[in-house]
Structures are given as C-alpha cells and as structure tokens.
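Asks: The opening position of the sequence shown corresponds to residue 7 in the numbering used here, with each subsequent residue numbered one higher.
A hint or two may mislead.
Pairwise CB distance ranges, derived in the manner of DEER restraints [stated by the list, open to error]:
#1 P184 to Q411: 44 to 54 Å
#2 E391 to T235: 45 to 55 Å
#3 T147 to G172: 43 to 53 Å
#4 P184 to T386: 52 to 62 Å
#5 Q333 to R224: 24 to 34 Å
#6 A159 to V78: 43 to 53 Å
#7 P126 to V264: 37 to 47 Å
#8 Q411 to L383: 13 to 23 Å
#9 E267 to G172: 28 to 38 Å
Heads up, simulated DSS-like pairs for lysine-lysine below, C-alpha to C-alpha not over 30 Å straight-line [unchecked claim]:
#10 K348 to K259
#11 K320 to K348
#12 K80 to K51
#13 K288 to K348
#14 K259 to K288
#15 K80 to K168
#16 K288 to K320
#17 K312 to K259
#18 K288 to K312
For the record, the hints were derived by calculation from the structure and aren't laboratory data. We put the CB at the ideal spot given by N, CA and C, even for glycine.
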Amino acid sequence: MSDLGWIDAVVCAARPQVMGALLRYFRDLDTAEEAFQEACLRALKNWPQNGPPRDAAAWLILVGRNAAMDDVRKRAKQTELPDEAELSDLDDAEASMADRLDGDHYRDDILRLLFICCHPELPSTQQIALALRVVCGLSVTQIARAFLVSEAAMEQRITRAKARVGNAKMAFETPGAPERAERLATVAAMVYLTFNEGYSANQAEAEARAPLAEEAIRLVRLLLRLFPTEPEIMGLTALMQLQQSRAQARFDKDGNIVLLEDQDRTLWSQGRIAEGLALIDKAMRHRQPGPYQIQAAIAALHAQAKRPEETDWKQIDLLYANLERLQPSPVVTLNRAVAVSKVNGPQAALEMIEPLGSRLQGYFYFHGVKGALLQQLERTGEAREAFGRAIALANTPAEAAHIRQHLDRLSS
7 MSDLGWIDAV
17 VCAARPQVMG
27 ALLRYFRDLD
37 TAEEAFQEAC
47 LRALKNWPQN
57 GPPRDAAAWL
67 ILVGRNAAMD
77 DVRKRAKQTE
87 LPDEAELSDL
97 DDAEASMADR
107 LDGDHYRDDI
117 LRLLFICCHP
127 ELPSTQQIAL
137 ALRVVCGLSV
147 TQIARAFLVS
157 EAAMEQRITR
167 AKARVGNAKM
177 AFETPGAPER
187 AERLATVAAM
197 VYLTFNEGYS
207 ANQAEAEARA
217 PLAEEAIRLV
227 RLLLRLFPTE
237 PEIMGLTALM
247 QLQQSRAQAR
257 FDKDGNIVLL
267 EDQDRTLWSQ
277 GRIAEGLALI
287 DKAMRHRQPG
297 PYQIQAAIAA
307 LHAQAKRPEE
317 TDWKQIDLLY
327 ANLERLQPSP
337 VVTLNRAVAV
347 SKVNGPQAAL
357 EMIEPLGSRL
367 QGYFYFHGVK
377 GALLQQLERT
387 GEAREAFGRA
397 IALANTPAEA
407 AHIRQHLDRL
417 SS
C-alpha cells in the first residue's frame with residue numbers, strides 16, 4: 007500500500023473518535039470539521055517521513071485542537087501558537103492524550119457525535135446525509151451521487167442540517183442513561199436507513215449507492231463496540247451482514263432482479279453469513295427479543311437453507327407473527343403472507359392481505375405479491391390487473407422488468 011493509501015486507512019478508522027473529541031472541545035460541527043481536515047493535512051506531511059504515531063487518534067485530536075485554537079487566536083489578533091516544528095513534537099503530549107482516551111471519553115464522544123447527527127429536529131434524509139459527511143467522511147460529491155441529487159442540493163441539505171443543530175442549542179454534555187436508551191433507537195434507525203439506501207440500489211445505481219451499505223455496516227460495527235452487550239445492536243449488525251451477503255446474487259447479467267428463491271447461493275458471502283449467524287445466536291441468548299433480532303433470525307433461516315425447498319417457512323411464519331406483535335405494520339403482514347403462502351397455500355395468504363389494500367394501494371410490493379398469489383390460483387385476469395398496477399408503481403426499471411416477466415408467463 008502506498009504512503010497515501012495507509013494514511014487514508016488510518017485516518018478513516020480514527021475519524022469518528024477524532025471528530026467526537028473535537029466536537030467536545032469546540033461545540034461546533036464546522037469548527038470540528040475544519041480542525042480535523044487541518045490535522046489530516048499535517049498527517050500527510052508528517053507521517054510519510056516519521057512513520058505513524060503510537061496512537062493516531064490522539065495525534066489527530068491534539069494537532070486538530072491546536073490548529074483550531076491557533077486559527078481562533080489569529081483571528082482575534084492574539085499571540086500565536088508555537089511554530090510547526092514544535093507542534094509536530096508530540097511524543098509526551100500524545101502519550102498523555104492516549105491515556106485519557108483509554109477512559110470513558112472515547113465512548114461518550116462518539117455517542118455525542120452520533121446523537122447530534124440524529125437530532126430529533128432533523129428529517130431522516132438530513133440525518134443520513136449529516137452522518138455520512140461528519141462521521142464517515144464521505145465527500146459531498148459521493149453523497150450527492152448516492153442520493154441521485156446535485157452537489158449543490160446536497161451541500162444545501164447538509165448546511166441546513168448543521169444550521170438546525172446549531173440553532174437547537176443542543177447540550178454537549180455526556181448524555182445520561184435515559185437519553186442514551188431513547189436516542190440509541192434513533193441512531194440505529196438512521197444506520198439501517200443508510201444501509202437500505204445502498205442495498206436497495208438497482209444494478210445501474212450500484213456504483214454510486216452501494217458504498218452506502220458498507221458505510222452503514224461500518225457505523226453499526228462502531229455502535230456494537232460502544233454497546234457490546236445490547237442485543238438489538240447485535241441483531242441489527244447480524245441483519246445487515248446477512249442481507250449484504252446476498253448482494254452479488256440479487257441481479258442477473260442483464261440487471262434484472264433475481265428473487266431470493268432463484269438466486270445462485272454459491273454467490274452468497276459465507277464470511278458475512280457466519281458472522282451474522284454468530285451474532286444473532288449471541289443476541290438471542292439475552293432473551294430480550296426486538297424487531298432487529300427477529301428480522302435477523304428470519305434472514306438467518308434463509309441463509310442456512312442450502313436450497314430454496316429446505317427453507318423453514320413454518321419458523322419464518324412464527325417469527326413474522328412475533329414481529330407483527332412487537333412492530334405492527336401492514337408491510338410486516340404483507341411479508342408474513344409470503345411465508346403463509348408457503349405453509350398454507352396461496353388462498354390463505356390472499357385472504358390475509360386483502361384487508362391491507364386500502365393502506366397499501368400505493369405500494370409496489372403489495373400489488374406484486376397479490377399478482378403472484380392470484381397467478382398461483384390461476385386467476386389470470388385478476389393477476390394481470392394486479393401486475394399492471396405494480397408496474398405503474400415501480401420505483402426502478404428493474405422492478406418494472408421483473409413484473410413484466412410475470413406478465414409474459416401469463417401470456418404464454
């Protein structure tokens with residue numbers, strides 16, 4: 007790896023910790039970002055010649071803090087800090103900083119950073135954009151490409167988010183236990199939304215949006231380090247790994263969607279599956295079931311089936327029933343209906359989803375599932391009508407092409 011390559015990897019790994027600490031010092035997102043960027047520039051100048059410091063995060067925090075303080079003093083026309091050579095002699099200062107980072111500051115700083123990005127006054131789109139920019143360090147260009155908007159629009163979105171955070175006068179003290187529990191759920195939801203933005207990308211969008219899924223996995227790993235005994239965070243990590251394990255099998259060579267039961271399972275990532283299975287097993291031992299754990303358990307049953315016909319649909323139906331109890335939603339019931347169709351036949355599943363029609367009339371997947379069930383029941387005319395409605399509501403060309411395949415089968 008080149009000098010720039012290894013420095014980029016070290017800086018990327020240290021970023022959440024460094025940004026969290028700088029935010030604690032300056033209580034302003036823009037100032038913390040500027041301080042971090044200045045520290046990165048000095049690392050690029052210093053590290054190739056002198057090698058990496060003993061603790062990269064401590065080095066970056068100290069240099070960034072000093073650089074920002076230097077800038078403040080210059081603007082105030084006060085005494086400047088010592089010159090660059092003196093600032094770069096960090097041996098003793100770095101050791102002291104590293105010792106302090108071994109305590110509680112690390113966890114609290116990152117929590118504070120995540121909580122600020124997930125401030126309740128921010129809409130979810132701004133939460134995701136702010137977290138990707140501030141915590142993950144993605145450029146505005148990368149984020150704009152991922153969300154299929156212009157750079158100017160994304161820059162404006164992030165600027166508005168920072169302004170809202172500043173105007174909210176958020177407390178920068180360490181969050182207490184009740185606030186941590188309440189806000190952790192918001193942070194987890196933001197991370198999963200970020201993952202879905204990347205995972206749901208069609209093949210044409212994959213180059214721009216797929217990195218979001220990997221960034222979300224990096225964020226959830228960070229949460230897991232902060233909350234190693236929290237079963238729902240284990241469940242979320244497992245869920246994302248199990249879903250991401252199927253990424254290479256979700257589209258055919260022409261970019262068409264491949265349903266789960268038709269996927270080439272040799273393309274599934276066994277490493278991700280193994281990690282996901284281990285995590286969900288560990289989470290379930292806590293006997294505190296939550297929505298993420300249940301969804302991960304469903305994904306685990308799919309991952310464990312070597313062939314589609316070996317899938318334990320009865321167990322999946324039971325898991326969806328528990329999910330309906332914990333998190334009632336017409337979409338959960340729609341997903342459960344697929345399992346019911348495998349266990350009790352298409353008629354039972356159709357009867358289950360019929361009452362959902364008024365709430366899911368504008369939902370692509372409702373009409374796709376309904377059409378598939380009607381097709382199995384050989385109610386061709388009604389199936390054609392449902393598929394037609396699904397095509398009208400398709401979000402991507404790949405979704406529309408998938409439904410047209412069903413229509414072609416009906417015609418033949």
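Asks: Of all the hints numbered above, which does this structure not satisfy? Sort the numbers upward.
Replies: As far as the earlier hints go, 3, 6, 9 and 14 are violated by this structure, in ascending order.
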